[in-house]
Amino acid sequence: MGKKGDLLKFLQEDIPLVSRPFLEIGKGLGMEEEEVLESLEELKREKIIRQVSPIYDTKILGYDSALVAFKVEPERIEEVAFLVNTYPGVSHNYQRNHSFNLWFTIAAPPDLGIGLEDTVRLIAQRAEVSEYAILRSLKTFKIGVKLNYESVDEREEVSAKEFPYKPLSEEEKFIVRIT
Amino acid sequence: MPLVGRPYLEYAKRLSMEEDRLLEKLREFKDRGILRRISAILYHRKVGFTANAMSVWRVEGDRLAQVGIYLASFRSVSHCYERSGWHYNLFAMIHGKSTEEIKALTKRISEELEISDYALLFSIREFKKERIKYFSEDFKGWYEKSGLGIHCL
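Chains as they are written, first to last, in our numbering: chain A, 4 to 182; chain B, 13 to 165.
Just chain B, same shape as in the assembly:
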């Protein structure tokens, strides 16, 4: 987003659109759930959050929703999903200032909820963290380069 007094006007110019119309569309996007929010993304490490763990839990079906809501209620949990495809079915991404802090929290939760089957997958290296360019031509380009252009199908 252009960091100027009227950022939406800048966007609107690029879209050959009135600023008001763009604001109206963005509000509509929000109502429809397309736009989650407009906000700043930080460099985690720079603000002290050096530890990141994907905590994965095996939870029985009838308790899953309750446990999911509980894990999601921690501020340190940024993402929490039920997922298919693996032994573990509940995933909660935890951001902390040390690995010890995260280990202590998950141990406590595990004891409290009596769920012993869980694991912590700490991130060792970041290879990519980027916003997806939705509806860009890059996708088509990638498939074409891979010899799988849509013309081949």
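In isolation and in its complexed conformation, chain A is listed as follows:
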């Protein structure tokens, strides 16, 4: 993969919080800032990189979240998936090989008075899905996708820190919204 492959590895780590982050990344790879930016554009054009962005923690933002499983008649799965997707708090939605065949992650905002369970019930009603399960996480052992290995059995050190929730100020919410 060469330089571009190395860059891909770097970009999946943590992009530094400095004024010129791509200059910094370039230093570690023997690349000019301009070269890094050009490669980035190329990786986006080639549809290898979906996006570069801050990744926020749903729970620490005060959102309630869960994994939800729907049991859907196979011939209705597209229609139901489409309806589920209309909810802005659904980030991932997959068909899987199980009798519960539609699996999505959902986050419900803290301040609208309608909680996660009512939201899921509403979606299920509208989709005419009668069997579903809400699976909440009790403990996080790992979170974060990094596709930078060759074989599935490679190992690494992991530390999953837990943080206390502290409400965000309006200014802070604005930053999260814009970035």
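Simulated from the structure, these hints should not be mistaken for lab results. Treat the hints loosely; a few may be bogus.
A short list of chain A residues far from chain B (calculated; beta carbon distances all over 10 Å) [what the hints assert, rightly or not]:
hint, residue
1, K6
2, L11
3, R79
4, P112
5, E131
6, E134
Per label pair, the in silico range of CB-to-CB distance [what the hints assert, rightly or not]:
hint, chain 1, residue 1, chain 2, residue 2, range
7, A, E153, B, G73, 24 to 30 Å
8, A, K7, B, A116, 26 to 32 Å
9, A, E37, B, S110, 36 to 42 Å
10, A, K30, B, K141, 30 to 36 Å
11, B, G73, A, D114, 33 to 39 Å
12, A, E131, B, E30, 49 to 55 Å
13, A, E131, B, E22, 41 to 47 Å
14, A, K169, B, R75, 31 to 37 Å
Note that the Cβ used here is the ideal one computed from N, Cα and C, for glycine as well.
Take the given structure of chain A and dock chain B to it, following the hints.
Relative to chain A, chain B alone:
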């Protein structure tokens, strides 16, 4: 993120904020656990990761933490949680280059840990993969359209 030399300056302009102030806030977000990291999200298939399985395991309570930490230690596991609400209580998302590779790995783990009650739910189709727009008006809009606007409650 704008792919320019000073991306935080671009963000800062949209926020009518100084670049330094924004960087300071983002560092604070990181310390508080609000911001996990800033990084590239890839199209999995394009980089060869065509197989994805949600592996689900039934583990006795006293062994759960140990098994969770073990599963999390594989690079191919991106997410690993203890969850309530189902027969299986430990979930590990595995990304591989083939289904066989994932089946072989989980079989090996199952034998090694002597946990026979597990299942693999492979993803067949992706219907959505998107960043959530936190604190956006879209949420309110959705509830209103559903006839459940906050004014109704």
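Beyond 10 Å from every chain B Cβ - status for L11 (chain A): 7 Å, violated
Range hint 36 to 42 Å (beta carbons of E37 (chain A) and S110 (chain B)) holds or violated: 38 Å, holds
Whether the CB-CB distance between E131 (chain A) and E22 (chain B) falls inside 41 to 47 Å: At roughly 45 Å between Cβ atoms, E22 (chain B) and E131 (chain A) fall inside 41 to 47 Å, so the hint holds.
Cβ separation of K169 (chain A) and R75 (chain B), checked against the hinted range 31 to 37 Å: 33 Å, holds
Claimed clearance of chain B by K6 (chain A), with the beta carbon kept past 10 Å: 15 Å, holds
K30 (chain A) versus K141 (chain B) beta-carbon gap, inside 30 to 36 Å or not: 32 Å, holds
No chain B beta carbon within 10 Å of R79 (chain A)'s: 13 Å, holds
Satisfaction of the hinted span 49 to 55 Å by the C-beta atoms belonging to E131 (chain A) and E30 (chain B): For E131 (chain A) and E30 (chain B) the Cβ distance comes to about 52 Å; the hint holds.
E153 (chain A) paired with G73 (chain B), Cβ distance criterion 24 to 30 Å: 35 Å, violated
Separation of E134 (chain A) from chain B, once the least beta-carbon distance is taken, above 10 Å: 12 Å, holds
Distance restraint evaluation - K7 (chain A), A116 (chain B), Cβ atoms, bounds 26 to 32 Å: 30 Å, holds
Range hint 33 to 39 Å (beta carbons of G73 (chain B) and D114 (chain A)) holds or violated: 35 Å, holds
Checked against the numbered hints given earlier, the structure breaks hints 2, 4 and 7 and satisfies all the rest.
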